[in-house]
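Protein chains in written order, with the numbering used here: chain A, 1 to 621; chain F, 1001 to 1621.
Treat the hints as calculated values from the structure; they're not laboratory data. Note that CB positions come from ideal geometry on N, CA and C, so glycine has one too. One or more hints might be untrue.
Each pair of labels, with its calculated beta carbon distance range [as the list claims (entries may be wrong)]:
no., chain 1, residue 1, chain 2, residue 2, range
1, F, 1619, A, 466, 48 to 54 Å
2, F, 1188, A, 541, 29 to 35 Å
3, F, 1121, A, 397, 50 to 56 Å
4, F, 1616, A, 123, 52 to 58 Å
5, A, 123, F, 1217, 55 to 61 Å
6, A, 529, F, 1619, 28 to 34 Å
7, A, 200, F, 1539, 22 to 28 Å
8, F, 1239, A, 31, 56 to 62 Å
9, A, 537, F, 1113, 47 to 53 Å
10, F, 1473, A, 38, 33 to 39 Å
11, F, 1541, A, 529, 36 to 42 Å
12, A, 619, F, 1550, 48 to 54 Å
13, F, 1038, A, 466, 19 to 25 Å
The calculated DSS-like cross-link candidates involving lysine-lysine, where the alpha carbons are at most 30 Å apart (straight line), are [claimed, not checked]:
no., chain 1, residue 1, chain 2, residue 2
14, A, 102, F, 1260
15, F, 1091, A, 91
16, F, 1055, A, 147
17, F, 1304, F, 1260
18, A, 256, A, 102
2 protein chains.
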Amino acid sequence: MSWGKGRAAIEQRGKVIYHTCMKYSAFFIPTLREAPGDALIASHILMLRAGLIRKLANGLFAWLPLGLRIFRKLEAIIREEMNAIGSLEIKPSVVVPGDLWKETGRWDSMGEALLRVKNRQNADFVVSPTAEEAFSSLVRDELSSYKHLPLSLYQINTKYRDEIRPRYGVMRAREFTMKDAYSFHASDSSLDDAYQAMGQAYRRIFKRAGLTVIPVRADSGAMGGSASEEFMVESAIGDNTLLLCPSCGYAANVEKASCKPDYVSRTLDEARRAAADLPLPAIVDTPGVKTITDLYAFFDKDEKPVFIKTLIYQVISPGIDLPGTDSGAQNTFVAVCIRGDLDVNEVKLAALLKAGEVILAQEHDVTRITGAPVGFAGPVGLTAAPVIADETVTALNAAITGANAQDKHYRNVAYGRDFSAHIVADLRVVKAGDRCCQCGAELYEKKGNELGHIFKLGTKYTAAMNVRYLDEAGTAQTPLMGCYGIGLDRTIAAVIEEHHDEAGIIWPATLAPFHVVIIPIQYKGAVQAQADELYRELERRGIEVLLDDRAERPGVRFNDADLIGIPYRVVIGDKNLALDAPMLEIKKRSEDSARLIGVGEAAEYLESGIRADSAALNGCA
Amino acid sequence: MSWGKGRAAIEQRGKVIYHTCMKYSAFFIPTLREAPGDALIASHILMLRAGLIRKLANGLFAWLPLGLRIFRKLEAIIREEMNAIGSLEIKPSVVVPGDLWKETGRWDSMGEALLRVKNRQNADFVVSPTAEEAFSSLVRDELSSYKHLPLSLYQINTKYRDEIRPRYGVMRAREFTMKDAYSFHASDSSLDDAYQAMGQAYRRIFKRAGLTVIPVRADSGAMGGSASEEFMVESAIGDNTLLLCPSCGYAANVEKASCKPDYVSRTLDEARRAAADLPLPAIVDTPGVKTITDLYAFFDKDEKPVFIKTLIYQVISPGIDLPGTDSGAQNTFVAVCIRGDLDVNEVKLAALLKAGEVILAQEHDVTRITGAPVGFAGPVGLTAAPVIADETVTALNAAITGANAQDKHYRNVAYGRDFSAHIVADLRVVKAGDRCCQCGAELYEKKGNELGHIFKLGTKYTAAMNVRYLDEAGTAQTPLMGCYGIGLDRTIAAVIEEHHDEAGIIWPATLAPFHVVIIPIQYKGAVQAQADELYRELERRGIEVLLDDRAERPGVRFNDADLIGIPYRVVIGDKNLALDAPMLEIKKRSEDSARLIGVGEAAEYLESGIRADSAALNGCA
């Protein structure tokens, strides 16, 4: 930590990002025995304890010198993979004009997570949380011809989201660094090429970082549609629920997961014909029976009772016309019917209605629409709101539903005969135990954290921002767009979550802040000479070394080395040097036992080990 | 500009920052024939025309791919030089808590240039314009012992200043990138070591960037005092006035410049004795004679009239006690006396009084303090405000001054006899024609732009923020601090200002976005084969090449090459290839004429030229 000692490094021109090698005493690694109490998960605790980061305020962190070395390595991996697929780096400002966000409507729709600023002239600005607007604005002034397309640009830059409850360290911080790329295309197939290449690049990036990611697709099927792929890591504190197939590898976010039907879907006509012989709906008195549980209990005497659950939803800013609603209305209501054992997936419902949001209607709205208190809604005779039915409903014969009157239900209700639906769609929440839509195996659930996301945006932003190019015929066209993001800070946190033990972090060779830590038992005499010689020899070979020259007890330094997670530890002591064949003790952080290596072979042993470890991760072994 | 073409580069792992070599068609260089009308200076015009930057909004810019290559090279030079002197890079957040700024009082004193933000919880934040607070806050939690000192940390990060009138492109933008370093020390000599090392590092950085900077010192003399050094470039639009000595190289900002006295300074006693034989002050009626010009005209009949100008200043937040003012008063007044031909330097005055600001008093305050309208103030008998005298005043015999009464002046006023001063100091504005304080030669003036600044802060911030360490005796001490900044964007603009001609930019080898541009007259057949071969051969040698494979006319491509300023241009054409000894035409951007080089020698010729040019700038030839 002495300022003057780094001066010797002046000859090292060409070490662009950081010194290859450092002595501990000239570096700054403030390790801690205990992390502050607000650190709850392994990565947060270990990043604080290992001196990688410090908190400046809630959700705001500083990367310290050791952490920044890791950060720069991840940046470099991402740059290499982006450059390799022809994406070009630019650097727009972090603070951008609010007017751009007003053009796309996100000034309003982003809500409070958007950090808005007024400057001294009272103009509106945004501290960028993402940059569709800024990139579209830049491209709009430069695109004139189809010859300029495709164009793929990215940045690695500061982002800000005003998280209401930042926590888990850099895993959910307010300020963070994101690699965000945006591509512009004249055709669906060109967009799809870029999207596929990005997906491959993301796989390489995470593999090189030593991460096991779960790519979660949500394809609309049609090329050029709104395909997206999320790159998730398993995490107990993840805010996504994933449904995974143990057999074929299908993985989906619960928000969009579908499953193999456990029913036989029917058209309106098919359902009507099937109901021809059924008794007509009959009112049943059901005093106080409001919930599905109550219903099951009440109808327990029936043989295999079948229920249709009906929920009234308020729809905010619907993007499609719905009966009984003025076109362009900001707000409307729908009745959603689904088989009684299932839940409605509100993300699917909102997507179906192209709505900003859907929320369960308040009690007075339910009463107004159904004529009954909450708990007695049903599709038969309901006219005050359009009926939206989950596919499962079309398969049910003689179902029990609410009768839109207090303490009344219907028996013998049949889709097609007693009611129809304005839209039928897959709206169910898929759960563990449902069957994989690809192979039929039983799905299981995990919690996941999103590290990256690639997305075909179509013309959503380019149309809103009036981005145009002239096609070969000289006609103005709106380019298709894709966007592709990776959060750097949380990717590093995820690596720690996956690679640590009780003693600390175990860095993959590709991200390790140093490859080797040399610990001389005492930094003096022959031990010092040997430590210095190995340090110089490894530096000459391009291996990054931390030489722990501190006067601390060996145990303290061993613990720090394990905590900060350097892949190879070399211990140099008098006894091993005094052997007939002088030896060093080398231990891999990821292994339990050390081995003795002759002093003459140590550098080669370490270099080949590190090169092999790196090559295995980089996939260029 | 075709997205797919970069794909071949996938094997190029290890090219961390950018591709070494690019084909023009796979890159994005939107050159312009004309710059927008708001671009007034060469660097702004050329950065837009060469496709280095684009404006996102007033004072907000995006660096495009070509510009970013230059930007990254400057970053790398700065990192190398910072690392070489043992400063360690960290990365704090850009948005920082307003509370830190309240601790030092700068939340209030920074005024409107500080971009303040409220988050959704209504807490105050700042988009950092500088980071004394953030670094002090980080260090405060980590420093426990003198053993941790000295500590030097830096960042290269986004900054924001809410300039009221941003202009001249990135030269005076609102958002910009700054390298800012902060060092912490247990002794004056340690701070001085770091300060001197930074000064040397800054000289190397600017030299390597090809810039002629004028280092402008303002030393307080005492070590550990408030020494500072500004690194200026000459600029017609600079907002600093510099006084330069043609003989000894003395350079000073007018705000702090001093000159060789053109008078003989006297103590109060010396002045009193010298005035013993002079007639006593006598009132002269001077109806309507209010200005120095009026006075010269009025007293023209006198032989060599001598005047003392007296100005009443309002002093905002004085940091020293002044007579007639309550200690800690927010606001007071002083009367400043200076020889009639000189002007008062308000920066010197504010520094002398350790004041936030000094401003000429308003008319009603002048009348209240002097008992007369503006134009008749004088030191004799003035009691309502303390007199602050410039050194020149002590040398004057029989001076004419205002008499603190309307239309009245005094003759025969003598310092020491008729008035004294609370403080005597150097307060004059030094002008072209004044004599160098070091060698006596005649000073001249230039306008300058500040690119960097190094500063000994002492304990100003560490004391305010309660940063403490325990010294060897176990006593809590406040560390000394230094701060050191360089604006990256404006440094690049300054390089262009210094290195351009009518055709465009002429990059120094160290910052050039590419070293070589290859222009095949037509990219086909034998010419294409030769162009590709040279491209690969140069890439193999680590030379950065742009191959202009566009189907544009050669003239268009020659103009673009000159505009973007690549140091070496290679033209490959059928005729020269068809010679008995096939030739290429090579032209340095900085030279007028091209030369023919045999195809076999071209790569070696280019490589050695570039290595020599780089080495000359890097000072490691």
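Status of each hint after checking the structure:
Range check, residue 1619(F) to residue 466(A): about 51 Å between beta-carbon atoms, so the 48 to 54 Å window is met. Take residue 1188(F) and residue 541(A): their Cβ atoms lie about 42 Å apart, and the range 29 to 35 Å is violated. As the Cβ distance of residue 1121(F) to residue 397(A) is approximately 54 Å, the hint placing it in 50 to 56 Å holds. Distance hint check: the CB atoms of residue 1616(F) and residue 123(A) are about 46 Å apart, inconsistent with the given range 52 to 58 Å.
Between residue 123(A) and residue 1217(F) the beta carbon distance is about 39 Å. The supplied range of 55 to 61 Å is therefore violated. In this structure, residue 529(A) and residue 1619(F) meet the distance hint of 28 to 34 Å, their C-beta atoms being roughly 33 Å apart. In this structure, residue 200(A) and residue 1539(F) meet the distance hint of 22 to 28 Å, their C-beta atoms being roughly 24 Å apart. Distance hint check for residue 1239(F) and residue 31(A): the Cβ-Cβ separation is about 46 Å, which falls outside the suggested range of 56 to 62 Å.
At about 52 Å, the CB distance of residue 537(A) to residue 1113(F) agrees with the hint of 47 to 53 Å. A hinted range of 33 to 39 Å for the beta carbons of residue 1473(F) and residue 38(A) is consistent with their spacing of about 35 Å. Distance hint check for residue 1541(F) and residue 529(A): the Cβ-Cβ separation is about 38 Å, which falls inside the suggested range of 36 to 42 Å. Our hint of 48 to 54 Å for residue 619(A) and residue 1550(F) is violated, since their Cβ atoms are close to 35 Å apart.
A hinted range of 19 to 25 Å for the beta carbons of residue 1038(F) and residue 466(A) is consistent with their spacing of about 22 Å. Distance restraint check for residue 102(A) and residue 1260(F): the Cα-Cα separation of roughly 60 Å exceeds the 30 Å cut-off, and the hinted pair is therefore not satisfied. Annotation: proposed proximity of residue 1091(F) to residue 91(A) holds, straight-line Cα distance about 17 Å (limit 30 Å). Annotation: proposed proximity of residue 1055(F) to residue 147(A) holds, straight-line Cα distance about 23 Å (limit 30 Å).
Annotation: proposed proximity of residue 1304(F) to residue 1260(F) holds, straight-line Cα distance about 22 Å (limit 30 Å). Taking the CA atoms of residue 256(A) and residue 102(A), the gap is near 29 Å; set against the 30 Å cutoff, the hint holds.
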